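*Asks:* Please build the complete structure, drawing on both the sequences and the hints.
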Amino acid sequence: MEKSNQEKILWQKLSHSVVHMDEASTVSVVKEILGNGFSPKDAILNGLINGMKEVGDKFACKLYYVPEVLVCAETMYKGFDILKEYVSEEELSIGRKIVIGVVEGDLHDIGKNIVALMMRTAGFNVIDLGRNVRESEFITKTLEIKPDIVALSTLMTTTLDKMQTIVSSIRNEFGESCPGIMIGGAPVTQNFADQINADLYSLNAQTAVTDAKSLLGIEC
Amino acid sequence: MLDLRKNRFTKYLLGRKKSDMPFMPIVTGDHASFISGVKRKDMIASGKVMSDSLITAQEEYGLDAVFVFSDVYVEAEAMGVKLHYADDEFPKVIDLPNPSEIRPADPLQDGRLPEMIEAGSLCLQKFGNRSEVFVVLKDPFSLSVLLNDPEVFFKNCLKDPEANKNLLKISEDNQLLYLQEILQTGALPLIGAPYTSGSLISPALFREFVSPYLKSMIKLIKENGNPVIMHICGDTEVIINEIIQLEPDVLSIDELDIGRHSKLLSGKTMLMGNLSTTLLLKETEKQVRKATLKLFESMNSPCIPSTSCDVPRETPKNNIHAMLNVINNFRTSISRIDQG
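As given, the protein sequences belong to chains P and B, one line each in that order.
Under our numbering, the first sequence has 139 at position 105, and the numbering climbs by one with no breaks.
Under our numbering, the second sequence has 56 at position 73, and the numbering climbs by one with no breaks.
Worth flagging that the hints you see were computed from the coordinates, not collected in a lab.
A quick note: this is a predicted structure, and the numbers were derived from the prediction, not measured.
Certain hints may be false.
With the Cβ distance kept under 7 Å, some of the chain B side facing chain P (calculated, not the full set) [said to hold, decoys possible]:
{"no.": "1", "residue": "Lys65"}
{"no.": "2", "residue": "Tyr68"}
{"no.": "3", "residue": "Glu72"}
{"no.": "4", "residue": "Pro133"}
{"no.": "5", "residue": "Glu134"}
{"no.": "6", "residue": "Cys140"}
{"no.": "7", "residue": "Leu183"}
{"no.": "8", "residue": "Thr260"}
Simulated restraints, written as ranges between beta carbons of each label pair [to be verified]:
{"no.": "9", "chain 1": "B", "residue 1": "Lys202", "chain 2": "P", "residue 2": "Gly251", "range": "55 to 63 Å"}
{"no.": "10", "chain 1": "P", "residue 1": "Gly251", "chain 2": "B", "residue 2": "Ile227", "range": "32 to 40 Å"}
{"no.": "11", "chain 1": "P", "residue 1": "Ser127", "chain 2": "B", "residue 2": "Leu276", "range": "13 to 21 Å"}
{"no.": "12", "chain 1": "P", "residue 1": "Ser170", "chain 2": "B", "residue 2": "Asn283", "range": "46 to 54 Å"}
{"no.": "13", "chain 1": "B", "residue 1": "Glu145", "chain 2": "P", "residue 2": "Ser122", "range": "40 to 48 Å"}
{"no.": "14", "chain 1": "P", "residue 1": "Ile252", "chain 2": "B", "residue 2": "Lys148", "range": "41 to 49 Å"}
{"no.": "15", "chain 1": "B", "residue 1": "Asn224", "chain 2": "P", "residue 2": "Ser127", "range": "42 to 50 Å"}
In this text, a Cβ means the ideal position worked out from N, Cα and C, and glycines have one as well.
*Replies:* This is the structure we're talking about:
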């Protein structure tokens, strides 16, 4: 078999293992890729990340739900943890940074974690501030990291006001050089995003990636 | 056979006459304490403070029902989750119990369970037949998520289902004990099932991890002659067949197409909902009136006009009154038609 064909087949196997949550197969295919001297970077991009893209599509179509996405991600990381030893972070990055967090007062972070995961697999450098993040922390980290996008999430109506305050503070603090601001979460709507002057509202984790890319003028 | 008090909610549920349509936005302790000038922290900790707040809210708005609910952690805390309380915030989890040490709580002694039971009793004493009192408790699946690291629990649905089922059984036992005490007060239970949403889990996982543990709660409620009322956040359409199998009398839904849901449920279960709580919090009275009218237009079978979730703390009073005015006008016009 030609080397390139064999490599492509292994990428497909790797994607398949991620999508089907098969950790043992993921590790075994990764070892086979390395054993054959194939590119670890290509294995990550064309195998693992392609697999996660398919997972994202299945999530968007309601073929997969939160448990499936979390287990697929864990499966992907089994392979990634081996391959990353051979690849620098810069090689995988699209060179764009996102600061993400759940606003203060809200402890629900599953949605945010899935968005962060999808962003990472799309090549963004994601700085995850976690949940219940104070306004001051968003400002400090934005000053320190100078991200391209600040992403805010909340699952609760009670913390919508906090989201509004944070967006307003970021705008005031950074003025003309303000990063893109995207928001999401169950009670968030496009109308609310318009009201509070956010640049972007995303309906779900999968659209968040394409929305973020279009905001930054990156080809999807 | 339902054996209920004669308030507007139960009359409507049994008779389905539009002139009896109740006004039931989900006003819980949070908004009620806000309009009563009470700190969230005080309402969360005391059944007496919560009932006083709910009574104030009932009188302010003429509510046909109030909902005894402070925060999602009430049962989990009684079973060992450690919380931190701050002045004007919801409590935060600071430590989770060791899974092997989780046991059902004593609803008359542990954590804030006795406070919730007391709040239900005090509201009932005050209201009599005037309005209904619901005490909100969780389904075993949602409680189990809160007793655990949610991501671990969700992953274990696929990776270690037996570990989840052990915890679900303990949660079920806990909820049955708590439910018995709620029923003793005469208040109605409302099963809040936020983590069973079709936005989170698949119909297959719902059948395996939600339904079997909810059935015993539903059976106990029905055996006591009471209606089963459930609220599920997020997407309920994808799990509608699973919900139908559970035969709730009322299903309270999030911001979804209520008309479409009515058709899917084919009239056996009455829908409750689903005016946007974001709209209620953020928009003007005019927009609330418009949205309430739109909600009426979308109801193609008897439904209970309510909100998509609990009314946010700082919702302007006028917006709740605006919703009530639409419902009052509707009742008046229906009565006129009925009288010929």
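*Asks:* Each hint needs a verdict: does it hold in this structure or not?
*Replies:* To see whether the hints hold, each was checked on the structure:
1. Taking 7 Å as the C-beta contact cut-off toward chain P, the hint placing Lys65(B) at the interface is violated, the least distance being around 14 Å.
2. The interface hint given for Tyr68(B) is broken, as the beta carbon of that residue sits about 13 Å from the closest beta carbon of chain P, more than 7 Å.
3. Nearest Cβ of chain P to the Cβ of Glu72(B): about 6 Å, under the 7 Å cut. The hint holds.
4. For Pro133(B), the interface hint holds, since its Cβ comes within 7 Å of a Cβ in chain P; the closest pair sits about 6 Å apart.
5. Annotation: Glu134(B) was flagged as interfacial toward chain P, and the flag holds, the nearest CB pair being 6 Å apart, inside 7 Å.
6. Interface restraint check for Cys140(B): the shortest CB-CB distance to chain P comes to about 5 Å, inside 7 Å, so the restraint holds.
7. A hinted interface residue such as Leu183(B) counts as satisfied when its beta carbon comes closer than 7 Å to some beta carbon of chain P; here the least separation is about 5 Å, so the hint holds.
8. Checking Thr260(B) against chain P by beta carbon gives a least distance of about 5 Å; that is within 7 Å, so the hint holds.
9. Hint check: Lys202(B) to Gly251(P), Cβ distance near 58 Å, so the stated range 55 to 63 Å holds.
10. In this structure the hint that Gly251(P) and Ile227(B) lie 32 to 40 Å apart at CB is violated, the actual value being about 47 Å.
11. Against the hinted window of 13 to 21 Å, the Cβ-Cβ separation of Ser127(P) and Leu276(B) comes to about 51 Å, which falls outside the hint.
12. Taking the beta carbon of each, Ser170(P) and Asn283(B) are about 49 Å apart, inside 46 to 54 Å as hinted.
13. In this structure, Glu145(B) and Ser122(P) meet the distance hint of 40 to 48 Å, their C-beta atoms being roughly 42 Å apart.
14. Range check, Ile252(P) to Lys148(B): Cβ separation about 45 Å, and the 41 to 49 Å hint holds.
15. Against the hinted window of 42 to 50 Å, the Cβ-Cβ separation of Asn224(B) and Ser127(P) comes to about 44 Å, which satisfies the hint.
Of the numbered hints listed earlier, those contradicted by the structure are 1, 2, 10 and 11.
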